[in-house]
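Engineer: Given the coordinates of chain D, work out where chain U should sit on it, guided by the hints.
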Amino acid sequence: MNPEPQETQPPFIYLNNAATTWPKPAEVLEEVATCLRLPLHEAGRTTGNGSIDYPSAAREALAAFFHAGPPEHFIFTQNATDSLNLLIHGFAKKTGMPFHAITTELEHNSVLRPLTALKQDGVVKLSIVPFKDTRVNLDAIKQVICPETRLVVMTHGSNVLGSVQDIRPVAEYLHTNDIFFIVDGAQTAGHIPIDLSDIPIGAFVFTGHKALFGIPGIGGFFITDPDAVAITRQGGTGTDSQTLTHPFDMPMRFEAGTHNYPGIASLYAGIRFITRTGQDTIEKKTMDLTRTFIRELKLIPGITIYNENPDLPVVSFDIAGIENHEAGFILARAYNIIMRTGLHCAPLVHEQIDEGKGCVRASFSYFNSVEECRVAAEAIREVAESADR
Amino acid sequence: MKEYVLDEPLTEGFLKFLGHFGTVKTLDKLRKPYFSFEKELFISIKGFTGDYNVEVRYRKEFQDLVSDYFHLLLFYEREGDRGVSQLKGIEDSIRDKMKVRLGTSHGNGS
Numbered sequence: 012m013n014p015e016p017q018e019t020q021p022p023f024i025y026l027n028n029a030a031t032t033w034p035k036p037a038e039v040l041e042e043v044a045t046c047l048r049l050p051l052h053e054a055g056r057t058t059g060n061g062s063i064d065y066p067s068a069a070r071e072a073l074a075a076f077f078h079a080g081p082p083e084h085f086i087f088t089q090n091a092t093d094s095l096n097l098l099i100h101g102f103a104k105k106t107g108m109p110f111h112a113i114t115t116e117l118e119h120n121s122v123l124r125p126l127t128a129l130k131q132d133g134v135v136k137l138s139i140v141p142f143k144d145t146r147v148n149l150d151a152i153k154q155v156i157c158p159e160t161r162l163v164v165m166t167h168g169s170n171v172l173g174s175v176q177d178i179r180p181v182a183e184y185l186h187t188n189d190i191f192f193i194v195d196g197a198q199t200a201g202h203i204p205i206d207l208s209d210i211p212i213g214a215f216v217f218t219g220h221k222a223l224f225g226i227p228g229i230g231g232f233f234i235t236d237p238d239a240v241a242i243t244r245q246g247g248t249g250t251d252s253q254t255l256t257h258p259f260d261m262p263m264r265f266e267a268g269t270h271n272y273p274g275i276a277s278l279y280a281g282i283r284f285i286t287r288t289g290q291d292t293i294e295k296k297t298m299d300l301t302r303t304f305i306r307e308l309k310l311i312p313g314i315t316i317y318n319e320n321p322d323l324p325v326v327s328f329d330i331a332g333i334e335n336h337e338a339g340f341i342l343a344r345a346y347n348i349i350m351r352t353g354l355h356c357a358p359l360v361h362e363q364i365d366e367g368k369g370c371v372r373a374s375f376s377y378f379n380s381v382e383e384c385r386v387a388a389e390a391i392r393e394v395a396e397s398a399d400r
Numbered sequence: 836m837k838e839y840v841l842d843e844p845l846t847e848g849f850l851k852f853l854g855h856f857g858t859v860k861t862l863d864k865l866r867k868p869y870f871s872f873e874k875e876l877f878i879s880i881k882g883f884t885g886d887y888n889v890e891v892r893y894r895k896e897f898q899d900l901v902s903d904y905f906h907l908l909l910f911y912e913r914e915g916d917r918g919v920s921q922l923k924g925i926e927d928s929i930r931d932k933m934k935v936r937l938g939t940s941h942g943n944g945s
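Quick mapping for you: the protein sequence lines, in order, are chains D and U.
Heads up: the first sequence begins at 12 in my numbering, then just goes up one per residue.
Heads up: the second sequence begins at 836 in my numbering, then just goes up one per residue.
FYI, nobody ran anything at the bench for these hints, they're computed from the structure.
Even glycine gets a Cβ: it sits at the ideal position worked out from N, Cα and C.
Heads up, a few of these hints could be off.
Said to hold, decoys possible - Each pair of labels, with its calculated beta carbon distance range: (1) U:GLY854 x D:GLU366: 23 to 31 Å; (2) D:GLY332 x U:SER920: 54 to 62 Å; (3) U:GLY938 x D:GLU159: 40 to 48 Å; (4) U:GLY885 x D:GLY80: 37 to 45 Å.
Here chain U stands alone, though its shape is the one from the complex:
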């Protein structure tokens, strides 16, 4: 688990971007709007919209493959729609490595 302190607060736009890559859950009625992001085999993220802090957990067995994934999400969000397709391409190559490691076809789907 890693906690990151960002130089900008987390936005709803970032959550929308996350939605292209995994399951985003939001709880909006709280004192602070909570969100979680779950991407099977990759990472899970917990935080609050508007906060600078975010908690990221990596899957232990693939940590070496996905340790940059959170940074990639932050980077490609700035690219808009183009960023979605570019990051999906990177994801595919990461999945290929996961498949080799697992020796199965497990790992499909975001």
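Chain D extracted, bound-state conformation:
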């Protein structure tokens, strides 16, 4: 059974946690409520007795969680997509001339679309590195690096295959060659321990609403050298208000306008929940659930699992004889089991694994149970046995 929050459990099984974790820990919901009950503490603008400076508290929590600093180099955005847009377009603006960029077939559209837009504008010549056995290795990246290469954007964890990429050797090689490296940690942040203290990346992107247990609408990134990325947003910061140019101080350099205080409060509380529960405990439970689910699926005729040994609690599969969108519809409407179907915003992965038709994805959270895995697998068995083959 789920440990918490019991009273909000409707009669369905939620296995779409790679998109957005649900439910949220009770303390996250309470922190959001606390945040909204108090006047906002806007540093430099408004303070009040009893108000909590959530942005500063969350930056410090992030710095401790990812072993990176200073805290002011953690920037808040709407989500990972927002972070990647800000970083990719900001890097291109700063570079100020056409350059060569590299990404991989494992990427989400949050990476592919900004880079494609720059390519269409003639700013970027783009190389997309293939993956092999769910991973991209450094040699494949080295093969396409040229003198004009300035940027590599790479996912840390695949949202389809659940494979975690070994970013350390890539980061070290790129750092040596003065190539800016953006790591998309949307799927890994919160799931696995990440120590950024000794990995020489340019920027690490995260989102709050997945494994960090925050609410939708909050994300961010950590940047080592802010001068590598130009400012693409300007506005109120509560500082240097007499000047009409946006300040260069961190973190205001990349943050304009009023923060998403409830989102930041949820992120702060989500990290606290993970730390208090123990990241190892959470990771062990979710991966045990994942392995249990895979074991059950492997017993069902007609099921193709695209990665039987994922590093993340993500299981993508196909049911022979039935379209993935139909399988998702049946599981949701007839069995009250929520999964994600389709391309998962990662079209190039699907070109490799299923000829671009998409698949069904189950993804687990700390709040799922073994019983839910078994019930879901049994439902999939019924769907598979009913399919035309």
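Structural biologist: For chain U alone, kept in the frame of chain D given last:
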């Protein structure tokens, strides 16, 4: 995509009627008997026999021409065999408009 809530549950008779106009696929061994209906260039329908809810998807490029088609199916089912021929007549006029838009003879067949 639109989800409709009907005032009567979907029946096997309705699926039989759908069969005159497109491809009906059924999966009967499930907890609830699933069906899908695919009519090229017009609409696709997903649902369960006995349910009040049904999901209807329209082809984006012809949405203005086919947005009433699901309602027409519901209406003409009540007319029995006469409804089949009447709706096929309406379909022909919709296809003519599609052909004009496409500028080709594409759109034949149900």
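Engineer: With reference to the structure, classify each hint as holding or not holding.
Structural biologist: Structure-based check of each hint:
1. Checking the proposed 23 to 31 Å range against U:GLY854 and D:GLU366 shows it holds: the Cβ atoms sit about 30 Å from each other.
2. The given range of 54 to 62 Å is broken by D:GLY332 and U:SER920, whose C-beta atoms sit roughly 34 Å from each other.
3. In this structure the supplied range 40 to 48 Å holds for U:GLY938 paired with D:GLU159, their Cβ-Cβ distance being about 44 Å.
4. At about 60 Å, the beta-carbon gap between U:GLY885 and D:GLY80 misses the expected band of 37 to 45 Å.
Consistency note: the structure conflicts with the earlier hints numbered 2, 4.
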